[in-house]
Amino acid sequence: MGAVRATDQERSVGHGEVILDVENLVKHFPLRRGIAQSLRGGPELAVKAVDGVSFNVKKGELFGVVGESGCGKTTMGRTILRLLEPTAGRVTFEDIEVTALSAEQLKQLRTRMQIIFQDPYESMNPRLDVHRIIAEPLRIQGMVSNSKDAIPYIEKALEDVEMTPPEEYLYRYPHELSGGQRQRIAVARALVLDPEFIVADEPVSMLDVSIRGEILNLMLNLSRERGVTFLYITHDLATARHICDRIAVMYLGKMVEKGPTDNLVKHPLHPYTRALIGAVFVPDPKRKGFGKVLKGEVPSPVDPPSGCRLHPRCPIAQDICKEVEPELVPADDNHMVACHFALG
Amino acid sequence: MSKSNTQTGISAPTFWEQYRRKPLGMVGLSIVAVYVFVAIFAPFLTPYNPKQILLADRIAAPIWFRSVLPKYDDAPSTVRITLGPDEWAVSEATGGKLVAEELEGTAVSVIEFEPVLKDEDVSEGEAGLLEIEEYPEEPEKSVVELSHVVSYNCSPPKTFGLTFNYWVDASSDSKTELEFVIETPEGKQYNLWGKSCSGTLGSQPARIDSRDLTLKQRLGLTIFDDPAPRVFSSKGDYRLLLTARSIPGEEPTRVYISNAEFYIPGNVHGLLGADHMGADLWTQLIYGTRISLSIGLSAAGISVAVGTAVGIICGYLGGVVDEFMMRVVDVLMAIPTLPILIILGAILGKSVWNIVLLISAFAWMGTARLVRSQTLSLRERVFVESAKASGASDAYVMLIHILPNVLPLVFAGMVLRIPAAILTEASLSFLGLGDPRVATWGRMLHNARGFGAFTTLAWWWLVPPGLAITFLSLAFVFIGNTVNEILNPRYRERS
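Protein sequences appear in the order of chains C and B.
Oh and the first sequence: position 181 is 181 in my numbering, straight run, nothing missing.
Just add 1000 to wherever you are in the second sequence, counting from 1, and you've got my numbering.
Isolated chain B (complex conformation) (with noise of 0.2 Å):
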């Protein structure tokens, strides 16, 4: 029965109990185990999302290096503070007040100065009379400082930053200025940022960033100077000094501050640093996970279906359809497949799914042949005669007879296929043509590539996609490679 190699029946357990006798197929699947854990538990191992960016500085290293590199041994971890009405403590209040308020379910800063006393007015109110008394001649300015306190332990950052929003509520004929400040350890001031109005002002943000010229201009700098080294140049307490003065008016004054976020972001970051924006890498390398074994999956499962199908059918019927489709199998397969796929990846748009559908489109050919000439001896075999002497379609031979005696090969040739998906995504992606909005292991490595990875040498985010393609793709050779052997003994000597 030499012939009948390929055809021999052989059941599940059967092919296990072969399986597990070979140690590279069992590397390969406990690799390929890893990997589905990652990408199946991908949330719980990590902290972040994937879309998450200003985590942390530019390219900043991981964190671990602390403890093994000295040149790392204090370098700043991310401080991210924000500054509700609980955060900020009032270290100066005349003739105003700090006020918690909740507008759309978030907390606001308020600071309410009262409203200035008129000559009418001081008649009646009792209260105000010690007031006039003393009532000078230039409106005082009614003065509220609120401070927060961080304590900075690390080496200088490159840049810090805060932002909020702002906006004044107040009569006319009032004034109101606000002034960002940071105070030292030493107690020296770094008056950063100040705005002044009269009257009502609309919400307004406020972004203060150490990379600013303005700012730099405000400090005494020239553009080349770096503020961020300068201000938090010891280790120690800092404070954040955001004072509002008001001259009020008839009315009281409110000044709304809302969403304050204090950001120093680190040198070092996470398990694996940080990109050019600010995202964390590992979570791009486990989410990527995720995205590479889907697209590899789908890719080889639908090329290798397609590839089935056009072989049963051009190998059964024969004729003009075999000779049409055998020759769009030579066009296609003449056709280098890298450069079309960037042509119609530019054309069609960066979507995993156009990614899918074109990494299939060119990949089903060598199987649609293969399968091809496995049938034309397929069906010659007595045993489809045999069925259609009692009667069968062209469709149930198909179906009953040829594909479950072409499946194994088949089957191998999947296996094999998944890692030549994942590496053509992977080329896509690193082009330039994959899906912006998803984390890919090419993608990371396109990134890389893109901002300055090399050049700054981080390895640390060149490496890890590299690594993983390379092992998920060698992991999926040593089963296919495996599962050929059992499956395809006619491939034996080959491996």
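Same shape as in the complex, but just chain C (with noise of 0.2 Å):
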């Protein structure tokens, strides 16, 4: 992959310093293929969720990584965490090349990175209580012997996502609480190790819309407050618009365009992000409609299309998209996208 570092044009701008650098990362899941498959040979078939992606997240930073279902975000943000292991590529975090680690190494570094997951109804074992779930990350890295020490880091963790009094929630299961506070304890698990960067996967696609607001808001001031870099994974860019500083947009795999929030949203250069936009909907009885919207299926991630993987769908594709892939380049300082004719 031809990549372009975007390390050197993008650590000049925003917050500063580079907290996690990942440079061509490529996950791929092998099919299972049966014996008369293996026998006749024929190409090695493999699911390509991630296929060469590169990105940096500045220091204190909310960053966004926003995509269509199945694109591969969600895979990005766990084998970032090395969740999953990825097929090649490299991930740093500060000075540490993560897909470098050992086990023991790995384990260390868990505390300075969480994830927070999408469904909080799945995310809790139903058998171990509020007190248990959040002390879990505590007892697993050692930090404290027995149940009674980690009670201060727990109403800590409970307090700072504005679950108070803690007492309350301390002894309860999970089948007895909201999706909403779910989330919230969900949030304080990730929070209880005080970790630099947490990885935000989808957190309130699962949540009524009355709630999302709550949860977006505590990312919002845990960021600001305690400096906790995020990397925000969703599907909705609104919500990405609402929180992020920078915004990343993913096709099958791959980065499409990525730059601040407001420039992307208000000038997107891809053919895609502009159709994500135009697919946002807008509370105006005036307006007909959604905007332009994609025609046909994503394609299969097993054989993506070749050249520009948008070119079936994409409303201005030339011949030069079928046989060419675009790389991601700057359109100007801090923006870039990868698209024959987004340049003009």
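Treat the hints as calculated values from the structure; they're not laboratory data.
Quick look at which bits of chain C chain B covers, simulated, 3 or more residues with Cβ under 8 Å:
no. : stretch
1   : 99–111
2   : 131–145
Partial list, derived from the structure: chain B residues whose beta carbon lies under 10 Å from chain C:
no. : residue
3   : ARG1381
4   : ALA1387
5   : PRO1404
In this text, a Cβ means the ideal position worked out from N, Cα and C, and glycines have one as well.
Reassemble the complex: the two chains are provided individually, in unrelated frames, and hints are given to aid placement.
Structure follows, in structure tokens:
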């Protein structure tokens, strides 16, 4: 992949110091083949969930990754934390090369990198109470030896997520809590180790709209007040726009555009980004339907289209798009786009 | 939250609250409670221990048959009398007497005959003067006759017997004779046993048994005759007579008789009769509860523990380990269990723990598969990933996140595995591969089959162990199904 190293152009702007640097990250899931298929030979088939992604996140930043479901954004988030082993590429967290760490070193790093999962109903063991759920990272990391020692940490984490008084929730079970409360518990659990970096994997998509704002504001506050860096993964451009400093747009395992939120939303350069923005529901009775919606379905990530991956669906596709894969190139200072026709 | 049916936490009080409302479950629980009670208090529920034999005649009927069946109206129950110096009455004593002595803690009856007075002695001994005047040409025998009265008020028994040890301490010029006679209430005497010796005789066992050939000949009967019904043909007081005659020598003659035991085996005995060895069947049944329960529980426990461990490890780690273990499971499942258990049981030897291990070795595969499949879905759950994101090791995830979530499934399975283990043990014992030293229900059935309970229709021997196995298994099945219904609601429609 001839991906451009984004680091140099972007380091000079924004918040400053780079905390996470992802370089040409690839994650393929090989497909199981039957014996007959293996004997017949032919290429190894794999789901190319993440296919060469490079970007960086700066300290204290809220970095959004937006894309349709199945575009590989969740896989990317998990591969960055090495919950999935990358097929290729490099992830560097501060000075530590995450992709090269041993299991023991990785365990230490986990105190600094955490994740919030999408489904608050699934991300907690139903047999554990709130106290044990939040204390679990502390116990795994050996930071507390018994459950009594963990209580100050837990209470602080619960206060951070505005669940007060903490004692009221300490011994409840997940099924006794509402969805919003559960997601707060999930955030508290991620916070209890006091990490610098949190991957938030669609943290609000399973929640009622009324609760989404609370969780998003919670993340925003944590970012602004405590300097926690977030990688916010979402399919919902609207929420990303609400809180993110920068946004990257993914399509079929590739990054197609990234840039500062305002810039990207107001002047989208890639046809896919434009389509995404067009699909956002605008509560305006005068407006009819949605904006331009892409035709067709997302192609299979096992066998992505040649050239530009969007070309079968793209309204402005030309012949070159079928053959040459566009690279992510800077459009202006810190806005980058991968399209043959974006720059005019 | 439909997908987490089996994973919903259920606390112990809630579980009990639900369990209480299931009638079958409660019936099962009460039956098991009775069995457990019997197992714990076995020694208090029977006066015998399961190893005692010769408590009654072979295949004796239950004692309560007397009051139920006319045929058994006056069936004899066991008479067993130990005859020591205190029990023997001296009914005749010439030139001798009965002395009680204690040897190595047991009372021994000693018949002591005075020595013969020689000529030289006579001149010195004043007391003997009178006797010398009447001194006969032939030395007169001194006689001591010991007797004991046995009242016998039943129909004639099949056999009877007397055993004792005796030895004689005398000078070499003496002669001693011993004789055992039974005198009927009508005064008829049956001379059953006799023995004579000169001088000293070392310890000898005397085994008088009515089935003995020499005894029959002594009574002038053919080998097909049965002495017992003739001797004990009527009801009344019988006298057992043990007579010692002696021609004393220079020194006192002493005849020692120890451990004399007179025995008429009963045709009726205890609550459930007796087996072919005269062992108490009620005792075997009660002690069998202990063995069956402990074999059932331990075999089920071991197999479920192994199955759970294998299932979790295979399901969670996957890969080569998983593939290999699952093929092992396939192979073990394909082997027909009972034949292989018979072979291995024969090779490894008959002990209860061997049987437990064998049963467990061939019973863990089902659990392993079940747990593995559950683990395969659990390991993909987000809370497992969440723990990993905090740095949890594989062992931590398996213990804290997988195990508690498979336990309900496993627990119900374990309860259902107990009756399977009990039945397997019973089958093995029934085939004669059980521990011969231990009374189990299967062993009772084995003996019943092998020693004539079927041909004599001794249903009191056959039916109780069969029923005991049936009810205990049924009880565990009730409990298992109820537990399954509560903990694993997905199976609800099946029951």
